[in-house]
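A.B. asks: Residue strings, one per chain:
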Amino acid sequence: MGMTKGWKLYDPRLAWMLVAPVLLLLLLFLLLPIAVMGVYTFFTFVTAGVETSALTFANWKEFLTDSYYHGFLLKTVRVGAMTAIICAVLGYFPAYFIWATTFRHKWLLLLLLIVPFWISFTIRTFSWIHILGEQGIINVTLLKLGLIDQPLQMLYTEGAVIMGLLHFLLPYMILNVYVSLESIDRTLISAARSMGCTSAQAFREVTLPLSLPGLGAGLLLCFVLAAGSYVTPQLLGSGRDALFGNLIYDTIMGQLNWPMGATLSIVLFVVLGCFAAAYTRYMGMSQIVKGLGG
Amino acid sequence: MIAGQHQDKEGRWAWRLTGFITLCVYIFMFAPIIATVVLSFNASMFGGFPLTGFSLQWYAKLLSNEQVLTAFRTSMWIAFVTAAVTTLLGIITAYALVRFEFPGKATFGTLVILPALVPETILGVGLLVLIKAVDQPRSMGLLLLGHILLALPYVVLITQARMVGIRRTYEEAALSLGASRISSFREITLPLLIPAVVASALLAFTISFDNTSASLFWRPAGVETMPTQILSMLKISISPEINALGTVMILVTVGIPLVGGLMLQGLTRLRKRVDAKGNA
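If you're matching them up, the sequences are chains A and B in order. Note that the first sequence covers residues 35 to 328 in my numbering. Note that the second sequence covers residues 1264 to 1543 in my numbering.
Derived from the structure by calculation, the hints contain no laboratory data. Be careful, since some hints might not be right.
[Unchecked claim] Straight line, CA to CA, 30 Å or less: simulated DSSO-like cross-link-like pairs of lysine-lysine:
| # | chain 1 | residue 1 | chain 2 | residue 2 |
| --- | --- | --- | --- | --- |
| 1 | B | K1368 | A | K42 |
| 2 | B | K1272 | A | K140 |
| 3 | A | K140 | B | K1368 |
| 4 | A | K109 | B | K1498 |
| 5 | B | K1324 | B | K1498 |
| 6 | B | K1498 | B | K1395 |
| 7 | A | K178 | B | K1272 |
| 8 | A | K109 | A | K95 |
| 9 | A | K95 | B | K1272 |
Construct all of the structure, not just a fragment, from the sequences and the given hints.
C.D. replies: What follows is the structure, given as structure tokens:
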């Protein structure tokens, strides 16, 4: 290539040329929108769909003083945290099982974990209606057995929302923990056992601590994805179970109040960003990268 | 050695419990999906249990639903373009990130995976506010761009992981023998990269085909993608038609990667056989 004459084989200038399209894409459509959103939080809302660029603190004042918004934020953090913790507890067992099993077709267990990623999220979510709904398998079975005479109200509750989120997030957790377990040097465990550890002690002293990075990455990922969710509360929850994402959607697409919608988006971004930053400060970025790559 | 890991009494008990919970988690993951597939063949007028008989009428009804077919076509071509563009961008980016040292590389690496970590709602609002600020209407281009942004982190990570395993000495040998940079990449690196390219393209396709939250913000007025179409159908009722639609979607999104993976496996096996013949 003529234009690389006089350039080193791995010249940084060439690297910049290669990453330029993606860098441009990220600057223009990821960072710039977030910046514009930041500016929008200071715009003045006039009426639905109309705002002026007269700068004001009104949106921030409204957010900071109205307990309606605080309630939403707290509920979102609580649901996110509960989902992430239940995911960690339930997800550790399958990850450990797949790692430790002598079953010959281990790949099948791993493949089954990846298959849900291929199935439409909307379908996976609404399919819970067939389990929990009035005509769902649980209610129909219990009614037939005569154990209840009225269908149980399980759908359109916070429990159903958390159930749907667990269903969506468990594969992320299991894969994160599994990747972490896979990187453990197995001779360490043999060593612990031959030195007289019981299997429980070997697990507590060796396996568990060494798998914590994966567990941490899984917790963060599940928390962020749960707290940012929109579709699950929409489909499986009642109006009272709406989360912050639903609030943002309604503010922008329903009320057409763009400045307030931008303010709420920035709030969610900053809150979730703080959790992520606190995590990467202690654990680094690499574990998340491993987890995302499967 | 793993067998010896749980040989004491306590260990065996814990191992059984682990197996049991694992089984429960797998049932938890697949039971609702299986219920949807089963119900799509149910003769009942309502979308739920109990089962009343076998019927294919909901599939027939689906095939004559013009709205659904339009949404399906829209989603298909957006997913195709997203997969093609993102995979191309991913290869170039991964090549730069793996082979080169340049100032700002770490920051760039973090920036690339950011779209996967920022909640979709925020990405959705962000792009929307941006085009509102420059007074542009929502367009298919915006939807496409958004999908590319969403799929990019995964594609870069997959391609990067594979690229790390390809030694640069192969390319450098070709270069020292007089090959141009582009032809050394095309002849040496790209063939070794194929599994990652196929995996990336399939994943980008599914990410785009499946995207719901962000698409709700980005789609132009009157345009429905497959998931948004399902959402708007769900607002009316849980009709058996939705179960049929769900089953078709599962076949498409699970079928394509599975067939792709099998084809890839067959291809490598074939190539190995040809190579073996060539050597003999």
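A.B. asks: Now look at each hint and say whether the structure bears it out.
C.D. replies: Hints, verified against the model:
Of the supplied pair hints, the one linking K1368 of chain B and K42 of chain A holds, its CA atoms being roughly 18 Å apart against a limit of 30 Å. Restraint check: the Cα-Cα separation between K1272 of chain B and K140 of chain A comes to about 25 Å, which is no more than 30 Å; the hinted pair holds. Of the supplied pair hints, the one linking K140 of chain A and K1368 of chain B is violated, its CA atoms being roughly 37 Å apart against a limit of 30 Å. At roughly 24 Å between alpha-carbon atoms, K109 of chain A and K1498 of chain B fall within 30 Å of each other, so this suggested pair holds.
This hinted pair checks out: K1324 of chain B and K1498 of chain B have alpha carbons roughly 19 Å apart, not beyond 30 Å. With a CA separation close to 28 Å, the supplied pair K1498 of chain B and K1395 of chain B stays within the 30 Å bound. At most 30 Å may separate the alpha-carbon atoms for a hinted pair to count; K178 of chain A and K1272 of chain B exceed this at roughly 42 Å. Among the hinted pairs, K109 of chain A with K95 of chain A is consistent with the structure: their alpha-carbon atoms are about 21 Å apart, no more than 30 Å.
This hinted pair does not check out: K95 of chain A and K1272 of chain B have alpha carbons roughly 62 Å apart, beyond 30 Å.
In this structure, the hints that do not hold are numbers 3, 7, 9, in rising order.
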